[in-house]
Amino acid sequence: MFVHIGGTQIVFNNELIGIFNLDNEESEINNEFLNTPSNHPTSILSGSERHKSFVVTDWKVYISPISPLTLSKRRNISK
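The sequence shown begins at 83 in this note's numbering and counts up by one.
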């Protein structure tokens, strides 16, 4: 199954590694992860809303305007 993570983007459940809260901008671990160059390209999903989460997959990191709680519920529903 798949999870809609914002905009027109979907990811497959089996590629999903984690859904993380971006609202906590104070988190040193989140900042370090997002600011460290890696082999995984980052895509910012468009939208006029504030970005609330980042989604890590096998191939890419997505910055999403959808809350981590909502994404987690969508993932559980599609199993």
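Keep in mind that the hints were calculated from the coordinates and are not lab data.
Accuracy of the hints is not assured; some may be wrong.
What the hints assert, rightly or not - Straight-line alpha carbon distances no greater than 20 Å define the calculated DMTMM-like cross-link-like pairs of lysine to aspartate or glutamate that follow:
1. Lys142 - Glu97
2. Lys155 - Glu97
3. Lys134 - Glu114
4. Lys155 - Glu114
5. Lys155 - Glu110
6. Lys134 - Glu110
7. Lys142 - Glu114
### Query
Taking 20 Å as the top limit, are the C-alpha atoms of Lys134 and Glu114 close enough?
The hint holds at about 17 Å.
### Query
Holds or violated: Lys142 with Glu97, Cα cutoff 20 Å?
holds (10 Å)
### Query
Between Lys155 and Glu97, does the CA-CA distance stay at or below 20 Å?
holds (17 Å)
### Message
Just to be careful, I want the Cα atoms of Lys142 and Glu114 compared with a cutoff of 20 Å; is the pair within it?
### Response
holds (16 Å)
### Message
Does Glu110 sit within 20 Å of Lys155, going by the straight-line distance between their CA atoms?
### Response
violated (26 Å)
### Message
Need the status of pair Lys155, Glu114: alpha-carbon distance at most 20 Å?
### Response
violated (27 Å)
### Message
Just to be careful, I want the Cα atoms of Lys134 and Glu110 compared with a cutoff of 20 Å; is the pair within it?
### Response
holds (16 Å)
The structure shown violates the earlier hints numbered 4, 5.
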